[in-house]
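Participant: Dock chain S against the given chain V, drawing on the hints supplied.
2 protein chains.
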Amino acid sequence: MADGLTVPFALAAGLTGAVAKTHLVVIAGLAEIAAGSIAMGLGGYLAARTDFDHYESEKAREIRETEEVPGLEKEEVADVFRGYGMTEESIAPVVEAIAADRQRWVDFMMRFELGFEEPDPKRALHSAATIAGSYILGGMVPLAPYMIASGIYTGLKISAAVTLAALFAFGYGKGRLTGISPLRGGLQTVVIGGLASAAAFGLARWIS
Amino acid sequence: MADGLTVPFALAAGLTGAVAKTHLVVIAGLAEIAAGSIAMGLGGYLAARTDFDHYESEKAREIRETEEVPGLEKEEVADVFRGYGMTEESIAPVVEAIAADRQRWVDFMMRFELGFEEPDPKRALHSAATIAGSYILGGMVPLAPYMIASGIYTGLKISAAVTLAALFAFGYGKGRLTGISPLRGGLQTVVIGGLASAAAFGLARWIS
Chain V
16 MADGLTVPFA LAAGLTGAVA KTHLVVIAGL AEIAAGSIAM GLGGYLAART DFDHYESEKA
76 REIRETEEVP GLEKEEVADV FRGYGMTEES IAPVVEAIAA DRQRWVDFMM RFELGFEEPD
136 PKRALHSAAT IAGSYILGGM VPLAPYMIAS GIYTGLKISA AVTLAALFAF GYGKGRLTGI
196 SPLRGGLQTV VIGGLASAAA FGLARWIS
Chain S
16 MADGLTVPFA LAAGLTGAVA KTHLVVIAGL AEIAAGSIAM GLGGYLAART DFDHYESEKA
76 REIRETEEVP GLEKEEVADV FRGYGMTEES IAPVVEAIAA DRQRWVDFMM RFELGFEEPD
136 PKRALHSAAT IAGSYILGGM VPLAPYMIAS GIYTGLKISA AVTLAALFAF GYGKGRLTGI
196 SPLRGGLQTV VIGGLASAAA FGLARWIS
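Going line by line, the protein sequences match chains V and S.
Residue numbers for the first sequence follow the working numbering, so the first one is 16 and each next one is one higher.
Residue numbers for the second sequence follow the working numbering, so the first one is 16 and each next one is one higher.
Okay, chain V solo, but in the shape it has when bound (with noise of 0.2 Å):
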């Protein structure tokens, strides 16, 4: 979403400054976001398709190994609990116990020495729809004023105080979840954005 605000608003800053033709910023920032939201969206959905066949592969190779190097496998088991200083004796138990169950033995492995969570591949999709949705809507907050205002200039003014309100507290949300300070989350989003738009704006003047 603070892509979705902060690319569209920084590209349509940057026309304005260069071509001064309200149309033409607004048909470059459609084209950015139809391209921005599609490519994010799919892209991280298959990138999310990618961890799941990734993790379903390695758990394959986990179950086969457990099956054709019983021995091996309880003696990686046995050095993770090495790594935290227990004694052969007390680990021995603990290795039997882990081993005694298949699943249990492979999904030990699997977090703890390969440090895999699993993924839902439902999740998958949801993400991507989110992703999209996210890019879409952030990016017509940006450029609806250019639509509505009279002036490219007013436009871009406008744009501009939206964009960074939402940016603003699109951070201080960000932040309130994250734990840290709401305060500093929503400068840093909004310094983002501004420092975007001003190099793109400066650059497509520059050379126009």
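Please note that a few of the clues may not be correct.
[What the hints assert, rightly or not] Some chain S residues near chain V, calculated using beta-carbon distances under 7 Å: (1) V22; (2) A50; (3) S105; (4) V110; (5) A112; (6) A215.
Calculated from the structure, these hints are not laboratory results.
We put the CB at the ideal spot given by N, CA and C, even for glycine.
Facilitator: For chain S alone, coordinates are given in the frame of chain V:
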């Protein structure tokens, strides 16, 4: 990098269909690359910093809990092993061994109870620079043909050819690294790029 290839390519293709002026396509493309590389690089850096701060604050909380309520924290360690079906007699020495060293105890809680991997603070800067650099490099692939070619439609054709080839190569290489079929990986990134560009082209043409 795939986003860096896809979005500027789709934007340039979309504008070609709508405005047919090479210098506008190049200006919009460069503005998009500037905005996208800053938004994603800086956004990635701050996200990595936030992860690090979040990890540190959770770790501080765990350290405090092992000091203030050690009994409860030992129970939480025992719960992890109960989840693996171990008997109470074999759990007790394991818990004592882990809790004997506070550093190890807290590490265990972070990783096995909360599922956190320790983030590397140096990686934040490195990954930000990589993201921004890849976005710029990726973005120049679809844009350079417009700068060099004699006509805008020639530029579009060369841009489409080199970008789809680069997307395929990128997806192919990524497929090899993550263990999915390279051919499938290559086709996936090409399909994303193609769909995003078709949508941008169609939308831009339709509204102009």
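Participant: Can you list which hints this structure breaks, lowest number first?
Facilitator: 4
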